[in-house]
Structure formats: structure tokens, C-alpha cells
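Trainee: I would like the entire structure built from these sequences, with the hints used as guidance.
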Amino acid sequence: MLQQLANGLFAGSIYALFAIGFTLVFGILRHLNLAHAAIFTTGGFLSVDLISRQGLPIWLAFPLVMLAGGLIGLLLERIAFRPLAGRPDEHFAGLISSVAFGGMLIALVQARYGTEQQSISSEAFPNEVYTVAGVSISLAQLTTLGLALVLMLGLAWVVAATPLGRAMRAVAENARAARVLGINVERVTASTYALSSALGAMAGMLMVLNVGQGDLGMGLAIELTGFAVIILGGMGSLWGAMAAGLILGLAEALTIHHIGSSWKDVVAFGLLFAILLVRPQGLFGTIKAREV
Amino acid sequence: MSDTAPESDTIVSVQGLHVSYGRVQAVRDISFDVPAGAVVTLVGANGAGKTTVLNAVAGLVKPRAGTVLYRGRDVTRWPAHKLVAAGMVLVPEGRQILGTLTVAENLQLGGWRRRKASAAAIDEMYERFPVLAERRNLRAGSLSGGEQQMLAIARAMVARPQVILMDEPSMGLAPKMVDEIFGVIETVRSSGVTVVLVEQNARRALRAADTGYVLETGTLAHSGPAARLLKDPRVVQAYLGVE
Ligand SMILES: Nc1ncnc2c1ncn2[C@@H]1O[C@H](COP(=O)(O)OP(=O)(O)OP(=O)(O)O)[C@@H](O)[C@H]1O
Ligand SMILES: [Mg+2]
Chain R
45 MLQQLANGLF AGSIYALFAI GFTLVFGILR HLNLAHAAIF TTGGFLSVDL ISRQGLPIWL
105 AFPLVMLAGG LIGLLLERIA FRPLAGRPDE HFAGLISSVA FGGMLIALVQ ARYGTEQQSI
165 SSEAFPNEVY TVAGVSISLA QLTTLGLALV LMLGLAWVVA ATPLGRAMRA VAENARAARV
225 LGINVERVTA STYALSSALG AMAGMLMVLN VGQGDLGMGL AIELTGFAVI ILGGMGSLWG
285 AMAAGLILGL AEALTIHHIG SSWKDVVAFG LLFAILLVRP QGLFGTIKAR EV
Chain B
200 MSDTAPESDT IVSVQGLHVS YGRVQAVRDI SFDVPAGAVV TLVGANGAGK TTVLNAVAGL
260 VKPRAGTVLY RGRDVTRWPA HKLVAAGMVL VPEGRQILGT LTVAENLQLG GWRRRKASAA
320 AIDEMYERFP VLAERRNLRA GSLSGGEQQM LAIARAMVAR PQVILMDEPS MGLAPKMVDE
380 IFGVIETVRS SGVTVVLVEQ NARRALRAAD TGYVLETGTL AHSGPAARLL KDPRVVQAYL
440 GVE
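Top to bottom, those sequences are chains R and B. All you need for the numbering used here is the position in the first sequence, starting with 1, plus 44. All you need for the numbering used here is the position in the second sequence, starting with 1, plus 199.
Think of the hints as simulated: they come from the structure by calculation, not from any bench. Hints are not guaranteed to be accurate.
Chain B side only, calculated, beta carbon under 10 Å to chain R, not exhaustive [what the hints assert, rightly or not]:
(1) Leu289
(2) Gln307
(3) Gly309
Distance windows between CB atoms, simulated [claimed, not checked]:
(4) R/Ala205 <-> B/Thr416: 45 to 55 Å
(5) R/Ile140 <-> B/Ser343: 36 to 46 Å
(6) R/Asp133 <-> B/Lys430: 48 to 58 Å
(7) R/Gln325 <-> B/Lys430: 52 to 62 Å
(8) B/Lys315 <-> R/Gln325: 36 to 46 Å
(9) B/Lys315 <-> R/Asn171: 45 to 55 Å
(10) B/Ala318 <-> R/Arg220: 24 to 34 Å
(11) R/Gln154 <-> B/Arg276: 40 to 50 Å
(12) R/Gln154 <-> B/Gly215: 50 to 60 Å
(13) R/Gln154 <-> B/Arg270: 51 to 61 Å
Using N, Cα and C, we set each Cβ at its ideal position, and we do this for glycine too.
Mentor: Okay, structure coming up:
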């Protein structure tokens with residue numbers, strides 16, 4: 045039982061890290077970025093490449109994967125969202141063009157790595173396992189939880205307490221007023237995508253480290269869970285995504301243990317439907333959707 | 200006027216400005232000069248094009264034709280954030296306070312470009328507007344209309360502008376608050392900042408200004424020293440009425 049809870053917590057921290065990037069872009073820009081899962085997958089494959097093929101040490105691969113994710117995020121914003129800014133169909137068109145961007149990204153990943161699963165070499169990460177109170181925890185799991193928490197708290201700090209975060213919240217509330225104040229709205233938008241995508245790629249890397257391999261479907265699998273997390277936590281709420289990710293990880297682990305693994309999605313999406321019906325603003329409330 | 204070079208102490212010069220929204224021509228061939236250190240006012244009825252002129256000068260709408268010179272440079276196509284960095288700041292119509300952010304955060308955003316220097320500027324504003332200091336940690340949306348207007352002006356001043364463009368700062372305020380706002384405009388001017396003031400309250404604005412321009416349906420109808428416009432029978436009849 046404790047072991048299940050621990051496993052749930054580790055998986056949940058990856059869900060949360062994935063979801064927090066998605067919800068950041070929605071909360072600040074009201075964009076639904078459907079390329080986020082593809083960036084997650086790309087992050088996963090890139091980390092296999094860097095660690096197993098290029099032989100880079102893992103501590104170097106972490107920042108490189110985040111950097112790559114950030115750059116992809118900039119490209120995504122520039123190609124899929126900025127050209128549409130100000131158009132009346134901006135939001136719907138952005139949704140579609142982000143799907144297209146994600147599809148292109150996956151195609152490029154496939155072109156480079158093929159359709160086979162990519163396993164990470166077993167010596168890449170010290171295979172330590174600790175036993176605490178009868179619960180065995182691997183170093184990979186601890187690293188995952190620790191990194192995910194640090195990154196998520198770091199993001200929350202950036203948004204709450206830095207000049208960039210202040211500008212992001214200003215853009216979220218009223219982009220025109222932000223512009224009047226001298227904020228470069230285009231740059232804040234691009235930064236938001238870079239942050240979001242860096243975290244998305246990092247979530248992909250942590251996933252690969254935990255399951256030992258990456259495959260082209262990994263983004264699809266987490267995307268649906270990610271939606272459940274975002275709805276559960278409240279669209280646009282960073283703290284909500286954090287808590288809901290962990291809750292969903294725990295719920296999944298308990299379901300697998302007590303009912304069976306085929307039921308885990310049923311529980312996740314059952315939760316999603318229940319929230320949509322009973323508390324559409326999510327467990328933790330959210331930045332109110334703009335009028336208009 | 201538009202084809203003579205602006206005098207050297209002119210800080211903003213608008214020449215032959217045309218602005219359209221789709222097929223609506225909002226502003227047609229407007230030219231005016233703003234001397235450095237002066238208060239210049241644009242007055243006119245609803246829909247005359249006052250906001251449009253200010254927004255074009257501030258880089259928020261792109262003119263169809265014409266030029267805006269700021270300190271001798273052609274800034275017509277500059278984005279708004281670049282103009283703010285160069286010292287030209289707009290206090291927009293309807294204040295555009297960020298209501299979900301605190302008073303302090305609104306002021307900090309005013310100094311977005313100059314993070315270190317802005318701390319001193321923010322302290323000055325707290326001194327000038329004690330209400331804002333008292334409420335600094337409250338959400339700006341909880342301030343009264345007058346306090347929000349103070350915040351909007353203070354926020355603009357944090358950027359240490361050379362020119363401040365104010366769009367109807369007295370709109371919707373009680374008479375006592377209007378007095379207060381015009382007092383603030385006076386201190387802004389005495390601190391050496393050039394003021395371009397748009398107002399519907401033409402009498403008040405012309406009394407506070409050195410030079411006035413009267414807009415009528417997108418064109419300049421009258422212009423001259425504010426004191427003269429206050430006595431011009433055509434202006435009195437159309438915009439000032441009997442006191
Ligand atoms: N975004 C817009 N789209 C279309 N037309 C507009 C837009 N903004 C202003 N207009 C039109 O342009 C003209 C000038 O408007 P503007 O807001 O500049 O006037 P104003 O003098 O500031 O009026 P007020 O005193 O009511 O603020 C008006 O006819 C207005 O209807
Ligand atoms: Mg107006």
C-alpha cells in the first residue's frame with residue numbers, strides 16, 4: 045500500500061510537470077497548445093540520444109534537454125501562434141496549427157530515431173534502490189520527484205515574484221494595458237512558450253528515465269492524463285496543476301493496485317467527467333475566463 | 200505648418216496624420232507641435248478623434264499616412280514599448296489599471312524597463328500619493344475610480360517620461376476628484392514633464408494648458424494659445440457655453 049502511494053507520487057510528479065507547462069500557456073495567453081505532448085516526446089527521445097548515443101553525463105543532459113525544449117517552444121510560438129495574433133479566429137486557428145506543429149515534430153523525431161522504442165542504457169543512471177519503512181525507492185524516482193518539485197516551485201516563483209512573471213500576469217489580464225505600460229507583449233508571449241516547453245521536454249526526459257525507454261506514443265498517453273490534471277486543477281492554475289498531478293498519480297496507483305491496471309484510465313477520466321459536471325472551475329478555482 | 204521644420208524646442212511634432220479603422224476615417228490630416236515643457240490640450244466632442252490621435256502618437260494604432268516626430272526622430276512606426284523606453288508614456292482612456300495585480304505591482308510594471316531606478320521613482324510616487332502607499336498591497340481593482348486614476352498617472356510617472364499623454368483623466372470622477380487630478384497635472388508639468396492632455400472638459404483643460412487644439416470630426420477646427428481659445432466666440436459657443 046505505501047509502496048503504491050510512493051509509486052503514484054513519482055508518476056504524479058511527472059504528470060504535474062507536464063500539465064503545469066500546458067496550463068501556464070493557457071492561463072497567460074488563453075492558447076490551447078496541442079503541440080505540448082509532442083514536445084514531451086521530443087524531450088524523451090532527445091534525452092535517450094544525449095545520454096545513450098552521445099554518452100553525455102546525465103547532469104549535463106538535464107539542462108540541454110530543457111534548453112532544447114525552450115528553443116522548440118520559441119519556434120512553436122513564432123510559427124504556429126504569432127502569425128495568427130489579432131485575427132478573429134486566433135484561438136481556434138492556433139489550436140489547429142499547434143496540432144500541425146506537433147505532428148511535424150513527431151514526424152521529425154520518427155525520421156531521426158525510427159519507429160522503434162529507444163531504450164536508455166542501464167548504466168546511464170546509478171541503479172540505486174533505497175528501502176525506507178518497507179518501501180523501495182529508486183534513485184531515478186527520487187531524482188524525478190525532486191527535480192519536478194524544484195522546477196514547478198521555480199515556475200511558481202517566477203510567475204509570482206519576478207519582473208517577467210509580473211509582466212506575464214499583466215498580459216494575462218489585459219494585453220493592451222500591458223503594451224501601454226511598455227511591456228513587449230510579443231517577447232513575454234515568446235518567453236511563456238519557452239518556459240512551458242522547457243518544462244514539457246523535461247517531463248519527457250523524467251518519464252524516459254523512469255520507464256527506461258521512449259516511444260513515439262508516449263506523448264499521446266500523457267496528453268490525456270494531462271488534460272485530466274488540468275481540468276481537475278482548474279484551467280490556468282499552476283498550483284492546481286501541481287496538486288492535481290500528484291492526486292491523479294496517486295489515484296492511478298491505487299486503482300492499479302486495488303482494481304487492475306486496465307481501470308486506471310477509467311478512473312482518471314471518470315474523475316475528469318465528475319469535475320466537469322460538479323466543479324467546472326476545477327478543484328482549486330482558476331483565473332477566470334475572460335469575458336468576450 | 201506641416202512643411203516647415205519644427206522649432207528646436209518642439210518635443211513632439213505630428214504632421215499630416217491620417218488614421219482609419221477599416222473604412223472609417225477617424226482622423227484626417229492633423230498636424231500640431233508640442234513644445235517641450237508645455238501643457239498642450241486636444242479638446243473636442245465625443246468621437247472627434249482625440250483618443251485616436253493619442254494612440255497613434257503612442258504607437259498603439261498605425262496611421263495610414265503622416266509622421267510623428269519625437270525629439271526630432273521619426274517614430275511613426277515604432278512599437279509602443281519602444282516609445283515608452285524612449286520616454287513617451289500614455290495614460291490611457293479608462294485608466295486600464297491591472298485590477299488583479301496589487302497597487303505596488305502596477306507601479307513596478309510602470310518601471311518595467313528600468314528595474315533598479317524605478318524603486319526610487321516608486322517611493323516618490325508613494326510620497327506624492329499617500330493613498331497609494333496605504334493601499335500598496337491591495338488589489339488595484341479595489342481602488343475607487345479617482346484612486347485608480349492617480350495610480351494610472353503615478354504608474355506612468357514611474358517610467359520617468361519626458362512626455363506624458365493623458366486621455367481624459369477626469370472622466371467619470373466627482374468634481375472634487377477632478378480638482379485633485381488637475382492639481383496632479385500641474386505638479387507633473389512643474390517637474391519638467393511635457394503634457395499632452397485630451398479632455399472633454401474643454402474649459403478646465405484650456406485653463407490648465409498653454410496651447411489648445413480643437414478637434415471636430417477628425418480634423419483640426421481651431422488652434423492657438425489656450426487663453427485666446429478660451430475667449431474665441433466660436434469655441435465658447437460650441438465647446439464652453441456660458442459659465
Ligand atoms: N477600434 C475602432 N474601430 C472602429 N472605429 C473606431 C475605433 N475606435 C474609434 N473609432 C471611431 O473613430 C472615431 C474617433 O474615435 P475616438 O475614440 O478617437 O474619439 P474621441 O474623440 O476619443 O471620443 P471620446 O470623447 O468619446 O473618447 C469615432 O467615429 C469612432 O467611432
Ligand atoms: Mg476618447
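Trainee: Hints numbered earlier in the text: which of these fail when held up against the supplied structure?
Mentor: Going through the list in order, the structure violates no hint and respects every one.
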